[in-house]
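2 protein chains.
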Amino acid sequence: MAQVIIDNISNSLGSFLEGKYYSKIVVLVDEHTKKFCYPIVKSNLPNHKLITIKSGEHNKTIATCQSIWEQMTNFELDRHSLLINLGGGVIGDMGGFCAATYKRGIDFIQIPTTLLSQVDASVGGKLGIDFLGFKNHIGVFSLPNAVLIDAFFLQTLPKNELRSGFAEIIKHCLIRDKNKWNEIKVKDLINQDLADLIKHSVEIKKAVVAEDPTEKGLRKILNFGHTLGHAIETFYLDKGKKRLLHGEAIAAGMIMESYLAFEKKMIDEKTFLDIEEFLFTVYGRVEIDQIDFENILALTQQDKKNKGKIVRAAIIDGIGSCQYDVSLSKKEMLRALQYYKGI
Amino acid sequence: MAQVIIDNISNSLGSFLEGKYYSKIVVLVDEHTKKFCYPIVKSNLPNHKLITIKSGEHNKTIATCQSIWEQMTNFELDRHSLLINLGGGVIGDMGGFCAATYKRGIDFIQIPTTLLSQVDASVGGKLGIDFLGFKNHIGVFSLPNAVLIDAFFLQTLPKNELRSGFAEIIKHCLIRDKNKWNEIKVKDLINQDLADLIKHSVEIKKAVVAEDPTEKGLRKILNFGHTLGHAIETFYLDKGKKRLLHGEAIAAGMIMESYLAFEKKMIDEKTFLDIEEFLFTVYGRVEIDQIDFENILALTQQDKKNKGKIVRAAIIDGIGSCQYDVSLSKKEMLRALQYYKGI
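Which chain is which? The protein sequence lines are A and B, in order. Going by this note's numbering, the first residue of the first sequence is number 5, and it counts up by one from there. Going by this note's numbering, the first residue of the second sequence is number 5, and it counts up by one from there.
In short, the hints are calculated from the structure, not lab data. A portion of the hints provided could be inaccurate.
Same chains, same names: a pair is fine if it fits in one copy or spans any two.
Here are the simulated lysine-lysine pairs, DSS-like style, with alpha carbons at most 30 Å apart [to be verified]:
(1) LYS309 - LYS28
(2) LYS46 - LYS313
(3) LYS53 - LYS268
(4) LYS203 - LYS309
(5) LYS220 - LYS210
(6) LYS220 - LYS53
(7) LYS245 - LYS46
(8) LYS308 - LYS46
(9) LYS269 - LYS203
(10) LYS38 - LYS243
(11) LYS163 - LYS335
(12) LYS345 - LYS28
(13) LYS308 - LYS58
(14) LYS269 - LYS58
(15) LYS24 - LYS308
(16) LYS53 - LYS311
(17) LYS28 - LYS311
(18) LYS334 - LYS309
(19) LYS335 - LYS28
(20) LYS269 - LYS220
(21) LYS24 - LYS334
Next up, chain A with everything else stripped away, as it sits in the complex (with noise of 0.2 Å):
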């Protein structure tokens, strides 16, 4: 498992290059990380050379691989090298990525800047890039030398954003911790305590990775919400006004899922509406169009937790637990999409 470090970044990341010797280093950033993340970062390195990239999961492709492998290349980068990646889930995905590929793979850290990659995509090993439409499509699972948490960088953020990441904390209460889901469930976003939900998230996550590392079995419990989540994020990546962020997309799957759960009878009346009345007043209502949900569907199809044409699942059966492996039926993907749009 990857050393994850809770600290303000000059600790962090002094004490990680203690006694290393990189031949070079070199930082990946988009434009937001450059100005609002790097100044912090570039005090506590030594000499190091920078690749920025364009924000937004749109950008997370193999041509921007390319440009990035190429940039390594013109930077001479040997397999003594360091790539740092400071920024969110796509700095971090297809940063990871192109460390892990490059002469078979250099060493690599994630800084993750957004409360969504603090609490969940920097913690894992998952990487990738986007491909055909289809999210983290192509990667490899490569753990990074370490990952850097220091909660400060969340003060750059947009609210929207801290909400997005706010759904991955959620999930990991509802999948293995009632008790702190009872405590969240009663405050709103602005009064949550982010700095001990991280720690809280990162722990479980850990917890969970280290038990099956490529996602064969218990792993495929934090994809909770994703099956559905996951197929409405991508089926709004290019509709413009209408895209989600990956969180808002989470919530909405994570109330669908828990309604086919309370469905399948896996968790009784109450516990469902529980969730829901939360997520909604969090989250309030995506609009989602009828006439899109059969193309949503067909997204699920492409899932990677699938085998053959059967979508597989993972279904919370109780507050604080979760199956994985659950089959879901077309049919009752369907029922969830009209219940969440109130049909």
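Please arrange chain B on chain A, whose structure you already have, making use of the hints.
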């Protein structure tokens, strides 16, 4: 270590597939293996799909990967699918890379059909593609689920391809087995017992890779002849008629690097002349223009074994024994090129 089965393909493929339940099977071929090798494999496979790519090192690119990934996606391969790479090093390296990165990794097996890939590329889990003209610049280490070797496929090979593969066999003897070297050096290629030599080479390579799978130390000895050999191969890659097969370039590289071993007093003169004579007899002298020396030396800078600006090579210090991380100066390499050229 991946299972390596040396047997006829009906036996090995049958026993590999026994008791396995793949949701889909795809075979990757080029126009040559489609014609000469696929018919034999086809009759030993259940229902499957075929992906055909154009042969040749110059097609071992990210663009070809994109086409392979796209077809894998169109065939709706899930994570429980199998990719069978039927061909030489290009098919094995690139198909393996595509399998190892598709949905973060699906099962794949290598069926090497050239002597070179049977004794070298198929064993050891090095996967990848060329990038910006640099060989295997982008890739991963990932072991196939099995390597199935059938010497029958060699009957379909032109003589120069056989000779190219033979260079890696010679290399394995020079770095690890003096007795075998003494056996082969007195026979012409046509009189060698290839079936025996394939087994011998695979055993040496397996033993070395098992000790050091990701090339942190010992595995580097497999690069004997490759520091200058790779540079020459790369330089002539886009030079039309002057293009060299891998083994032709490595044979030249082995002469040059043995010369440096002699210069550094790591081997005596008689040993060096022995090696030189045998390699010149089998491969002749590759034509390298003096005007290209500078560019060839520049290419050695991008070798993955280097640290910083220092070129580090594997150099024999006796027949059957090899050191790694031997620093080579530009002047030394220039002298080796000049010696080879007969200047």
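Checked hints:
1. LYS309 - LYS28: between (38 Å within a copy, 15 Å between copies)
2. LYS46 - LYS313: between (49 Å within a copy, 25 Å between copies)
3. LYS53 - LYS268: Cα proximity of LYS53 and LYS268: none, with 54 Å in one copy and 37 Å across.
4. LYS203 - LYS309: within (27 Å within a copy, 39 Å between copies)
5. LYS220 - LYS210: both (16 Å within a copy, 27 Å between copies)
6. LYS220 - LYS53: Cα proximity of LYS220 and LYS53: across copies only (25 Å, versus 38 Å in one copy).
7. LYS245 - LYS46: neither (35 Å within a copy, 50 Å between copies)
8. LYS308 - LYS46: Between. Shortest inter-copy distance 28 Å satisfies the 30 Å Cα cut-off; intra-copy 38 Å does not.
9. LYS269 - LYS203: Close neither inside one copy (32 Å) nor across copies (59 Å); limit 30 Å.
10. LYS38 - LYS243: within (27 Å within a copy, 42 Å between copies)
11. LYS163 - LYS335: neither (36 Å within a copy, 60 Å between copies)
12. LYS345 - LYS28: Result: close neither inside a copy nor across copies, 52 Å intra and 36 Å inter.
13. LYS308 - LYS58: Classified as both: same-chain Cα gap 27 Å, cross-chain 29 Å, threshold 30 Å.
14. LYS269 - LYS58: So LYS269 and LYS58 fail the 30 Å test inside a copy (46 Å) and across (54 Å) alike.
15. LYS24 - LYS308: between (37 Å within a copy, 20 Å between copies)
16. LYS53 - LYS311: between (43 Å within a copy, 18 Å between copies)
17. LYS28 - LYS311: between (43 Å within a copy, 10 Å between copies)
18. LYS334 - LYS309: For LYS334 and LYS309, the Cα distance is within 30 Å only inside one copy (16 Å; across copies 52 Å).
19. LYS335 - LYS28: Answer is between: at 25 Å across copies they meet the 30 Å cutoff, but 54 Å inside does not.
20. LYS269 - LYS220: For LYS269 and LYS220, only the intra-copy Cα distance (26 Å) is at most 30 Å; the inter-copy one is 53 Å.
21. LYS24 - LYS334: Cα proximity of LYS24 and LYS334: across copies only (28 Å, versus 52 Å in one copy).
In summary, the numbered hints that this structure violates are 3, 7, 9, 11, 12 and 14.
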